[in-house]
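There are 4 protein chains.
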Amino acid sequence: MTVRVAVIGAGIMGADHARIVSEELAGADLQVVCDVSEASARRVAEENSAQDVSTDPVAAIRRKDVDAVLIASPDATHASLTLEAIKLGKPVLCEKPLALTSEDCLAVIEAECAIGRQFVQVGFMRRFDPSYVDMKDTLCAGKIGGAIMMHNFHRNVEAPAGFSGLMAITNSAPHEFDAVRYVLDAEIVSISAFEPKRCTSGACNPVVLVMETSEGQLITVEVNNNAAYGYDVRAELVGKEGAVSLGGLAAVRVDRSLSSSVAYAADWRPRFHEAYRLQNKAWIASITTGVPAAGAANAWDGYCATAIAEAGARSLESGEKTRVDLAERSALYDPAGTAA
Amino acid sequence: MTVRVAVIGAGIMGADHARIVSEELAGADLQVVCDVSEASARRVAEENSAQDVSTDPVAAIRRKDVDAVLIASPDATHASLTLEAIKLGKPVLCEKPLALTSEDCLAVIEAECAIGRQFVQVGFMRRFDPSYVDMKDTLCAGKIGGAIMMHNFHRNVEAPAGFSGLMAITNSAPHEFDAVRYVLDAEIVSISAFEPKRCTSGACNPVVLVMETSEGQLITVEVNNNAAYGYDVRAELVGKEGAVSLGGLAAVRVDRSLSSSVAYAADWRPRFHEAYRLQNKAWIASITTGVPAAGAANAWDGYCATAIAEAGARSLESGEKTRVDLAERSALYDPAGTAA
Amino acid sequence: MTVRVAVIGAGIMGADHARIVSEELAGADLQVVCDVSEASARRVAEENSAQDVSTDPVAAIRRKDVDAVLIASPDATHASLTLEAIKLGKPVLCEKPLALTSEDCLAVIEAECAIGRQFVQVGFMRRFDPSYVDMKDTLCAGKIGGAIMMHNFHRNVEAPAGFSGLMAITNSAPHEFDAVRYVLDAEIVSISAFEPKRCTSGACNPVVLVMETSEGQLITVEVNNNAAYGYDVRAELVGKEGAVSLGGLAAVRVDRSLSSSVAYAADWRPRFHEAYRLQNKAWIASITTGVPAAGAANAWDGYCATAIAEAGARSLESGEKTRVDLAERSALYDPAGTAA
Amino acid sequence: MTVRVAVIGAGIMGADHARIVSEELAGADLQVVCDVSEASARRVAEENSAQDVSTDPVAAIRRKDVDAVLIASPDATHASLTLEAIKLGKPVLCEKPLALTSEDCLAVIEAECAIGRQFVQVGFMRRFDPSYVDMKDTLCAGKIGGAIMMHNFHRNVEAPAGFSGLMAITNSAPHEFDAVRYVLDAEIVSISAFEPKRCTSGACNPVVLVMETSEGQLITVEVNNNAAYGYDVRAELVGKEGAVSLGGLAAVRVDRSLSSSVAYAADWRPRFHEAYRLQNKAWIASITTGVPAAGAANAWDGYCATAIAEAGARSLESGEKTRVDLAERSALYDPAGTAA
Ligand SMILES: [Mg+2]
Ligand SMILES: [Mg+2]
Ligand SMILES: [Mg+2]
Ligand SMILES: [Mg+2]
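Heads up: the sequence lines are chains A, B, C and D, in that order. Going by the UniProt record's numbering, the residue at position 89 of the first sequence is 89; the numbering climbs one at a time, nothing skipped. Going by the UniProt record's numbering, the residue at position 6 of the second sequence is 6; the numbering climbs one at a time, nothing skipped. Going by the UniProt record's numbering, the residue at position 299 of the third sequence is 299; the numbering climbs one at a time, nothing skipped. Going by the UniProt record's numbering, the residue at position 323 of the fourth sequence is 323; the numbering climbs one at a time, nothing skipped.
One thing to keep in mind: the hints can contain errors.
Intra- or inter-copy, both count: the list cannot distinguish identical chains.
[As the list claims (entries may be wrong)] Here are the simulated SDA-like pairs of lysine to any residue, each with C-alpha atoms no more than 20 Å apart in a straight line:
{"no.": "1", "residue 1": "K96", "residue 2": "C140"}
{"no.": "2", "residue 1": "K87", "residue 2": "P130"}
{"no.": "3", "residue 1": "K281", "residue 2": "G295"}
{"no.": "4", "residue 1": "K143", "residue 2": "A265"}
{"no.": "5", "residue 1": "K64", "residue 2": "A141"}
{"no.": "6", "residue 1": "K87", "residue 2": "S164"}
{"no.": "7", "residue 1": "K90", "residue 2": "N48"}
{"no.": "8", "residue 1": "K143", "residue 2": "Y231"}
{"no.": "9", "residue 1": "K281", "residue 2": "C140"}
{"no.": "10", "residue 1": "K240", "residue 2": "G145"}
{"no.": "11", "residue 1": "K240", "residue 2": "F163"}
{"no.": "12", "residue 1": "K197", "residue 2": "A275"}
{"no.": "13", "residue 1": "K197", "residue 2": "E317"}
{"no.": "14", "residue 1": "K96", "residue 2": "E310"}
{"no.": "15", "residue 1": "K197", "residue 2": "L184"}
{"no.": "16", "residue 1": "K64", "residue 2": "G248"}
{"no.": "17", "residue 1": "K90", "residue 2": "D56"}
{"no.": "18", "residue 1": "K197", "residue 2": "V262"}
{"no.": "19", "residue 1": "K90", "residue 2": "A294"}
{"no.": "20", "residue 1": "K197", "residue 2": "E320"}
{"no.": "21", "residue 1": "K197", "residue 2": "K321"}
{"no.": "22", "residue 1": "K143", "residue 2": "R277"}
{"no.": "23", "residue 1": "K64", "residue 2": "A275"}
{"no.": "24", "residue 1": "K90", "residue 2": "P270"}
{"no.": "25", "residue 1": "K90", "residue 2": "L106"}
{"no.": "26", "residue 1": "K143", "residue 2": "D185"}
No lab work stands behind these hints, which were simulated from the structure alone.
Given these sequences and hints, build the entire structure.
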């Protein structure tokens, strides 16, 4: 069986997903590429030998020859397009965020719960990154004792003009929130946001977040979207008997000019290209088997990331430690399995 | 267009290739798995949803529903099966070695030259390993000046009983010979083999090889098939202005028990799984386009690796520096392109 | 001129200082070793060929044949012994802390200011550690742009029974406070303390501190006195254009048992032995020249570290961000030089 | 007791030794600095507060107020000055080489044997480098099994004009020969020298040496005096169960401009400054105790390094593997202890 995929959105993320579906996956066909810009849709479709193009996402989702939907359109459209797919019973891989607000995330959850089945995988691809998986495996194998702290660093070369500390929390930090929840299997219950005063003007706006989990662990996150020196994601998990860190993954080391160096990429693609490939492969397999991909982020995970970001935004404004109040989790999202 | 592949050989390499064809590649179908052991063929076929099984490699190659042949059967069968495929005009990906002797390699070359077209890609997968590719790119970009030396280290955990220094040269070192030729775009013209006397008995038999290239460069290779500590492949290319080394690729670093450590794998698969995937992807693409995969090893490269190993074996026996005498290279293998 | 030194305290720190004075320094003599335990004093004196022993620290300080005093006695005695030495006009190297309370630190400052000269160097030895010095030099050379964040990790194998998060702040964190102040040339103006709830009982009590500086920078500190895996001090300074981290300093790397590892020491001595040697060498030189050692911690620095720790302790109790209110700094401690 | 030292030679090495004697050692006085250039002698003497200067090395050695002699004058003078000191019964620390020829080394050995006591320590300072010491300790502790191979890399930024592959063997490689003999406690019995033909003209002249030891081990050495990228000394010792490598010793790591880098020094001094200090400290201690410094190179070691270099030079000329024929070792140099 071949899964026929509609990719919604032909921007940088959509183009990359179209390429993965077309070139990197067994058992998937790139059926249609959809974008409000027909030119964009057509260019990405041609580059990746898609069957067809569309400028109407709802129509694309509804096509009879589309089995599954990969949503990589602008963030504001994620929730409504996801709901459309659920209504048709079609599986969705939705780029993060699942929705702009936790309320809209809950609407997706309600739609799944009404049917009693998960349709949505959220594109927190780090859950498929071999180094995060290895970190979690190291913890679960008992090699570092029980987890007590986790330190996370998220650095981009440069943010768009006007990107603020607030946006660092709502746009970038969710990847960190989800990675922490994935590795620790714990909820985040409070968040305290800090911003260096030195950088309030202009292009410089890192934030430091300190979080507590339901298991009594402490988490720190630095989000630095103007780190300048390179795309750099780091994490260290500290247990009672040891610690585990994401490794260095440089292909080569170069010695020249009194320096021994390894390269940073300019953006996330080289760092996480394997994670995206494995994520999308697991998604296709889950459609074939009918069982959600092990370890993947579901709608509940998408909701949590957004809800934590909302609490972080309030903390940044108030300067106070802020509780993360979550809705009650439906049994549909119980880790043990899916509901009937 | 989907390429229907016969995988010949269902041992450890054949099984891995069957999995890659079935699970990791777009545009390829695993049509038949062939092994002299029907049970092995059937097991690998089932694990990878192959269409059919066979115990007769020649029959498998001749099947109408087979477009291309991936040879991973015992080394002694490589040349004759490759010739069979060439006779039928079917493209071949042949695991190394292309043949047990340089004479048999030349027979394959003659078969291709008689037709005037390349059919054979040899499975020197390191040419698709991102770190070797990056090393070559670093050289070609002029970052280290002209190449003058290359140091190579090939270490396995443990060799089968009876594995000797001679076998290290004929079985393991060819990967190094080909990596050097790939990175440097130069021929190896002499070889001197050394063996530590301490280890002539029992399971311990590393060799050190010193080679000269057609461009006046010096190459060293250590092959240590009983290195015990892990599977470890290293290389450093030294230029007039700098040096470039293969990077460390550990997913995580673990701190415990007064030690900070990264893991070695027990065999080559984790180290080179991406290389195999990209190699096979490039092979499938070359079938679709009709153009040999850029950077891939062809029959000439397969011949050279075997011829160098033969000279190395003679050097180990004589204790003398030994010339590598190669046949004349047909224009079919000119780097610039393929003959008409 | 040879400086005749009295080492007060023959515990683990005092013994090490006695060894350094005796064996590692040109221009210094170990004149007397003093400890309330005569046996301890005698053992350390004999091991290091001291001229004499004493059990009375005040008498030892007053000896005519003692030119300078190195205080490594219990923390509660630091301030009064330092004041005794100042009264006599003898230079002091006082192990941290300068005093148990900021009030007592201020008494030392007042004594110096009354005379109008610095007599005291505080044993914040990291200011002489080549890696911290290199970090500061990298910042000052403009290689990473203006500093905006600094992350610090202080990990010990195991704390004594009963060691608490509070003690982590008052006993261990001052090394971090001083390192931050040294590297950044900035004051710490607020501190927020966090403790993982998971570890409130028994032997496990890390703390995470978030601090703001007078220059608007954000600082994080993890103090983890039961890190189990080894003695490990890390720091990363993040600037607007790059970052600089303390390097790994392993003498060797060992490959065995499917692992590539470097060793951690069990305590601080191997990590900082060079820092102590250079610190003490600089102290002896400052006595000879009469000019305080460049970069060394003075009484004001000792006061600041203690005052920050007091604010941190209050924050840990209140759960609130807490201001660090410092006394006014006398011109005697102006960075430009010493007062007349 | 204070050892009064004459430093013979006020060039780059002599100036550094004068500084170490003056500033870094307890129990030593810099009595006289001697150089044929009075200006040089005077400059170094003043910079390091020496008591006196001299332009006559023999007279300096004979001075009543000189207890011990540190020879850092031009290589051609080493043997005769060492003999002069032995004649007077004064201990010597002689920079490598002990003599320009193995014959002259043997003359020093004969002088010691005639008296029946060792007077000479040769300045192979790597025996005091913590990383080489740690490598040897790792081997002796059985952590890597019996040693079977050792790989050594010696790289300088730039050699003086006219420096040849021959000079790489006679001037630079002796440090490697001695390091191998120190770590392995084995003799080198054969040597094969290789030179990349690409670099025979001009400033580029690396050599690769392959050696066999008395214990049946294989050794490789690359000497690359025009490596351009930095001063870089590497070594890896391969045992039957594992391997140990010299560690990276960078004080800091800098992240900027899409690169993560550590610095190389431009010459040997930062890399080995601790080795020189510890070497000279051990030398002073050996004078006080009358027992040769443990692990230090003696006259026999100096002879061996020169004899191996001579064999290497012959191998480079002949292109053949060349035996290293050593004189018989006097019992005075038995590892177990010194003769009566
Ligand atoms: Mg994503
Ligand atoms: Mg292969
Ligand atoms: Mg201290
Ligand atoms: Mg030397």
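These are the hints, each one checked on the structure:
1. In this homomeric assembly, K96 and C140 never come within 20 Å of each other (Cα to Cα): the closest approach is 26 Å inside a single copy and 39 Å across copies.
2. Proximity of K87 and P130 under a CA criterion of 20 Å is satisfied in neither setting, with 34 Å inside one chain copy and 43 Å between copies.
3. In this assembly of identical chains, K281 and G295 lie within 20 Å of each other by CA distance solely inside one copy; the values are 13 Å within and 27 Å between copies.
4. Taking identical chains as interchangeable, the C-alpha atoms of K143 and A265 lie at most 20 Å apart only when they sit on different chains, with a minimum of 17 Å there against 31 Å within one chain.
5. Taking CA atoms no more than 20 Å apart as the test, K64 paired with A141 passes in neither setting, with 46 Å inside one copy and 50 Å between copies.
6. For the homomeric pair K87 and S164, neither the shortest alpha-carbon distance inside one copy (36 Å) nor that between copies (55 Å) is at most 20 Å.
7. For the identical chains of this complex, K90 and N48 are neighbours neither inside a copy (23 Å) nor across copies (26 Å), given an alpha-carbon limit of 20 Å.
8. In this assembly of identical chains, K143 and Y231 lie within 20 Å of each other by CA distance solely across copies; the values are 18 Å between and 29 Å within a copy.
9. In this homomeric assembly, K281 and C140 never come within 20 Å of each other (Cα to Cα): the closest approach is 24 Å inside a single copy and 34 Å across copies.
10. In this assembly of identical chains, the alpha carbons of K240 and G145 lie at most 20 Å apart only when taken from the same copy (5 Å versus 33 Å across copies).
11. For a Cα distance limit of 20 Å, the shortest separation of K240 from F163 across copies, 15 Å, qualifies, whereas the shortest one inside one copy, 38 Å, does not.
12. In this assembly of identical chains, the alpha carbons of K197 and A275 never lie at most 20 Å apart, being 35 Å within a copy and 33 Å across copies at closest.
13. Taking the closest pair of Cα atoms, K197 and E317 come within 20 Å of each other only inside a single copy of the chain (13 Å); across copies the shortest separation is 25 Å, beyond that limit.
14. In this assembly of identical chains, K96 and E310 lie within 20 Å of each other by CA distance solely inside one copy; the values are 15 Å within and 43 Å between copies.
15. Taking identical chains as interchangeable, the C-alpha atoms of K197 and L184 lie at most 20 Å apart only when they sit on different chains, with a minimum of 15 Å there against 32 Å within one chain.
16. Taking the shortest Cα distances, K64 and G248 never come within 20 Å of each other, neither inside one copy (45 Å) nor across copies (48 Å).
17. Proximity of K90 and D56 under a CA criterion of 20 Å is satisfied intra-copy only: 17 Å inside one chain copy versus 44 Å between copies.
18. Proximity of K197 to V262 under the C-alpha cut-off of 20 Å is found in neither arrangement, the shortest distances being 32 Å within a copy and 30 Å between copies.
19. For the identical chains of this complex, K90 and A294 are intra-copy neighbours only, at 19 Å inside a copy versus 40 Å across copies, given an alpha-carbon limit of 20 Å.
20. For the identical chains of this complex, K197 and E320 are neighbours both inside a copy (16 Å) and across copies (19 Å), given an alpha-carbon limit of 20 Å.
21. In this homomeric assembly, K197 and K321 come within 20 Å of each other (Cα to Cα) both inside a single copy, at 18 Å, and across copies, at 15 Å.
22. Taking the shortest Cα distances, K143 and R277 never come within 20 Å of each other, neither inside one copy (28 Å) nor across copies (31 Å).
23. For the homomeric pair K64 and A275, neither the shortest alpha-carbon distance inside one copy (30 Å) nor that between copies (38 Å) is at most 20 Å.
24. For the homomeric pair K90 and P270, neither the shortest alpha-carbon distance inside one copy (30 Å) nor that between copies (35 Å) is at most 20 Å.
25. In this homomeric assembly, K90 and L106 come within 20 Å of each other (Cα to Cα) only inside a single copy, at 19 Å, whereas the closest approach across copies is 56 Å.
26. In the homo-oligomer, the alpha carbons of K143 and D185 lie at most 20 Å apart inside one protomer (17 Å), although the nearest pairing across protomers, at 38 Å, exceeds that limit.
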